[in-house]
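Engineer: As a plain string of letters, each chain reads:
Number of protein chains: 2
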Amino acid sequence: MLENSPTQTAAAWLGAFAKALDTSDISAATDLFLDDCYWRDLLAFTWNIKTSEGRDAIRDMLAATLAQTAPANWRLSGEAKAKGGLVEAWFTFETAAGRGEGCLRLVDGKCRTLFTVLSDLRGFEEKSGENRPLGVRHKADRARETWSEAKRRREEELGHAEQPYCVVIGGGQGGIALGARLKQLGVPTVVLEKNARAGDSWRNRYRSLVLHDPVWYDHLPYIPFPAHWPVFTPKDKMGGWLEMYARVMELDYWTGSTCAEASYDADEKVWTVEVDRNGERVTLKPKQLVFATGAYGPPRMIPLPGADSFPGEILHSSQYADGRRFHRKKVAVIGAASSGHDVSVDLWESGADVTMIQRSPTTVVKSDTLMELAFEIYSEGAMARGITTEKADLIVASTPFALMPESQKALYDRIRKRDADFYEQLAASGFALDFGEDETGLMMKAYRTGSGYYIDVGASDLIIDGQIKVRSGVSIKSLTPAGILFDDGSEMAADAIVACTGYQSMHETVAQLVSREMADKVGPCWGLGSDVRGDPGPWQGEPRNMWKPTAQEALWFHGGNLALSRFYSKYVALQIKARMEGIATPVYGVPANAGG
Amino acid sequence: MLENSPTQTAAAWLGAFAKALDTSDISAATDLFLDDCYWRDLLAFTWNIKTSEGRDAIRDMLAATLAQTAPANWRLSGEAKAKGGLVEAWFTFETAAGRGEGCLRLVDGKCRTLFTVLSDLRGFEEKSGENRPLGVRHKADRARETWSEAKRRREEELGHAEQPYCVVIGGGQGGIALGARLKQLGVPTVVLEKNARAGDSWRNRYRSLVLHDPVWYDHLPYIPFPAHWPVFTPKDKMGGWLEMYARVMELDYWTGSTCAEASYDADEKVWTVEVDRNGERVTLKPKQLVFATGAYGPPRMIPLPGADSFPGEILHSSQYADGRRFHRKKVAVIGAASSGHDVSVDLWESGADVTMIQRSPTTVVKSDTLMELAFEIYSEGAMARGITTEKADLIVASTPFALMPESQKALYDRIRKRDADFYEQLAASGFALDFGEDETGLMMKAYRTGSGYYIDVGASDLIIDGQIKVRSGVSIKSLTPAGILFDDGSEMAADAIVACTGYQSMHETVAQLVSREMADKVGPCWGLGSDVRGDPGPWQGEPRNMWKPTAQEALWFHGGNLALSRFYSKYVALQIKARMEGIATPVYGVPANAGG
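First to last, the protein sequences are chains A and B.
For the first sequence, counting from 1, position 521 maps to 501 in this note's numbering; every step adds exactly one.
For the second sequence, counting from 1, position 523 maps to 503 in this note's numbering; every step adds exactly one.
One or more of the hints may lead you astray.
One copy or two, either will do: identical chains are not told apart, so a pair holds if it fits within one copy or between any two.
[Unchecked claim] Computed list of lysine-lysine pairs in PhoX-like fashion (alpha-carbon distance at most 25 angstroms, straight line):
(1) LYS501 <-> LYS(-1)
(2) LYS397 <-> LYS249
(3) LYS(-1) <-> LYS61
(4) LYS163 <-> LYS389
(5) LYS119 <-> LYS449
It should be emphasised that the hints constitute simulated quantities derived from the structure, not laboratory data.
Let the sequences and hints guide you as you build the complete structure.
Structural biologist: Here it is as structure tokens:
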């Protein structure tokens, strides 16, 4: 009975922390943390997405941000839980700008990790639930403008008589999710989509494509997939959902619209965005510009010496849509990550003779295994325990990136044991496997380099069975009139080559549309600076440039898979809304080019 | 401490009831009911929608249905509640066909009302939640048919190479909700919509139309409106939602398609439905035919002697879409129910000089009042208390129609007191008010006659202010070259006439499309047989012919507002699915023409 309950322990800590902050006693606040401590903040203190690692970093951060943040009303949400030696509790608080929430994890009464996040802006909350709009004035009115008349007028005026506050380049899941958040916050926004219809970014891909992540992980904000939605969404069904979503959420979504060029006037603080809208030139003048052009930038082609002499077709995976024209053809697929596997299967299903050329080892995990061991927090079972998608997102976000490798390594130790037979067979086929330089597996590879992994939904069995052949550990010396010559002197006949060689960094799109200079100023996107191959240091603690202020004022990057698009769109939208409303947003952690 | 808790009381009753049914002791079962008792059953016992009133009726029903129903496993769901002298408890049970749920209400330990409903069919449950489809086989497959290929093939074959099991005539909210339910149950169904796009049944109506019911009452099944959806949905926004819904739910929804005629082959047990699909004649051969052509049948025009001499335009409210061409015109609106009010406001907003001709008194309730007093169970507050839309629907359905007048009268006593000033002013304007022959108000009028009421969203103030003029208590003797001559000898100048005179019964659509004979065999739809004007007896206890077997095998009526379409679509779909799967569905309560 002398021992405190987890809730008492958490309440005592939170009380002491609140008191230290109330009295601006930063030393007292940092004394509440362990030596090995982390504070991940999304906007609440830093107006940035920033993890402060260690007491010194936390002290510096608080010294810079505490006065303007004016945090108050810290309150536990529900009961704390003890897990191993850890006490975990969720809480809410308020700041000068709005409401926040967060999670604390204590060891021996001191804080190991703190997570704080700004949930909304005071006075600019979304109108939802019992604050939803009425939809009609219950009074006859000769000047009444109906919903559809108002919509038509806005569509006619936006970009012409009235300028949007924000332009989002790219209308895939990233642009659509962000467009929806901005709409709900009342930020006039135009989303530019190069294709003819919303959802075409999915429809235009190869015919057998099905999402590799399960439905619980893929919800968009505001309108979740219904309960009968399949676990793995086929690409055209996803396309249909996105098209419906953009329409029902009433986005100002310009199809057939590409950004030809953009420039920023630093004095006027306004962008000039030249748009080709179905052949018509429109000049937009937004205050904020978001690049949401996909998880990555332009397609990356590798040099293929002798390509001129090769008589067959050479295409990048982004151009690959239908394997049926390769029936009975010999096709070399360069690359052994997700798209390399998917394209190989599609080719095999189309009756092609497929060889995958693997240039470096791949992390492979069976989809079922991942579902069971890694996605439990996004599942029907989690929903039944009250862990909504929104809650699961916060739980995931509450762990600082620096601590992920530890738990991911433990996860992959389990996975490798569980699927040992599978890995043995795959290795025996000549396929080069790895689990990352530090054995941390797929998700760390995704955050660090965005490449080199595959969630197995069937290709690996074809490789094991020899139906898809693999050439591993060789480099291409040149193409020849007959096919491919490798640097070990061996040759391979090929009628066509599909380069599944990935994409460049998103900041290359800035170089294309704005200038090389601005792209270099901003620096690359993604990567954590983990110092593994493909992710050079220095250590960043967060993905570079994503969803947060960049070295270029009023320029933002948004994207990622459906889950990242869903979660981080909220915080990109809050940052843009705050700027639109003139709320002070002093950014802590000067966003300089993060190198890489 | 001697008194039993409500849960103990309910458990004791349910235990005794279960035991009586288990042992086929029908007398023991009926002895558990009060003299004044009601058992409302949706399919579980009767394969009908049927209220048995009094112990004799319950005895007869059980004698006919108990053996084949084989109910078992009766279990309370959660705690029972005591309200006044009533103990209320919810429960689940099973039958030979599937799972059921229900509600019992006890007075002094005996049953006043029992409600039982079939929730699903064993072996044919909807694939949802953790039983949702996988969406892909995680195995490469050269014979793979993708989602979009399968969809295209089905669309090409359905109605040609493959006949639908069910055809639904009418693609408004009723047909769409039912189509979605049938889709989820795997019943091949074609929904015929005469307009070019799903949702046009809303879009084509007058410009200022906004739903009079609040959003919480209007959800469709499977995909609820999102939390930011306005309380009152503008008609075009509703149209957009329905269009999205039909597409995302993957209905086989044929736009531009009208049923030209239909006939039933009683020997072959198959319908022949001649369809004009965008000018192409298609013959469908379904086993089941559903009329979902709107809450009512064809427009009802009243005789207007001298119409030939009247030079102006005469139109029915169903043809009225835009008042702007009546600017500065004198317009007579015949009828003072919902459409009469809405059209009058639209005309007034368009600058017309409007006179409403009221032929009989109208029940008027202010929308705000109704929201607060009558719709509480469908509200943000109810949701917060765990009363989902599905639960609210069951709560509403658990009260037999025979007991509704009592509670409705009490409700309208409150409303008339609360809004006494409003009603006084409205009466002073010459508008004839009533609350139904037995003072039971709007909802009873809706169920009994489907006419004679208005939820005030602004028109009444215009009437009070004299902006919309009213001629009440007069009949039209004839039209004249100048306007209207009334039977009291007075005349009124008019440039145009809009007849807001309602609709005929849905069974008149059967007369149009099948035969007079079949329409007469089936008899009218709606009405309870309450013996008030417009709803002649005999007493039915349930709406006539709606959502349940009719006197014509394989012919069904479905419809009503969004809430009724949502709720009863489930039970229409279960009845059709059971027939498709060959499950025995002996209907209790021979569906003869219910007169009227």
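Engineer: So, for every hint listed, does it hold in this structure?
Structural biologist: Going down the list of hints, with the structure as the test:
In the homo-oligomer, the alpha carbons of LYS501 and LYS(-1) never lie at most 25 angstroms apart, since the shortest distance is 41 angstroms inside one protomer and 80 angstroms across protomers. Taking the shortest Cα distances, LYS397 and LYS249 never come within 25 angstroms of each other, neither inside one copy (56 angstroms) nor across copies (60 angstroms). For the identical chains of this complex, LYS(-1) and LYS61 are intra-copy neighbours only, at 23 angstroms inside a copy versus 45 angstroms across copies, given an alpha-carbon limit of 25 angstroms. In this assembly of identical chains, the alpha carbons of LYS163 and LYS389 never lie at most 25 angstroms apart, being 40 angstroms within a copy and 44 angstroms across copies at closest.
Taking the closest pair of Cα atoms, LYS119 and LYS449 come within 25 angstroms of each other only across two copies (17 angstroms); inside a single copy the shortest separation is 72 angstroms, beyond that limit.
When each numbered hint is compared with the structure, violations occur for hints 1, 2, 4.
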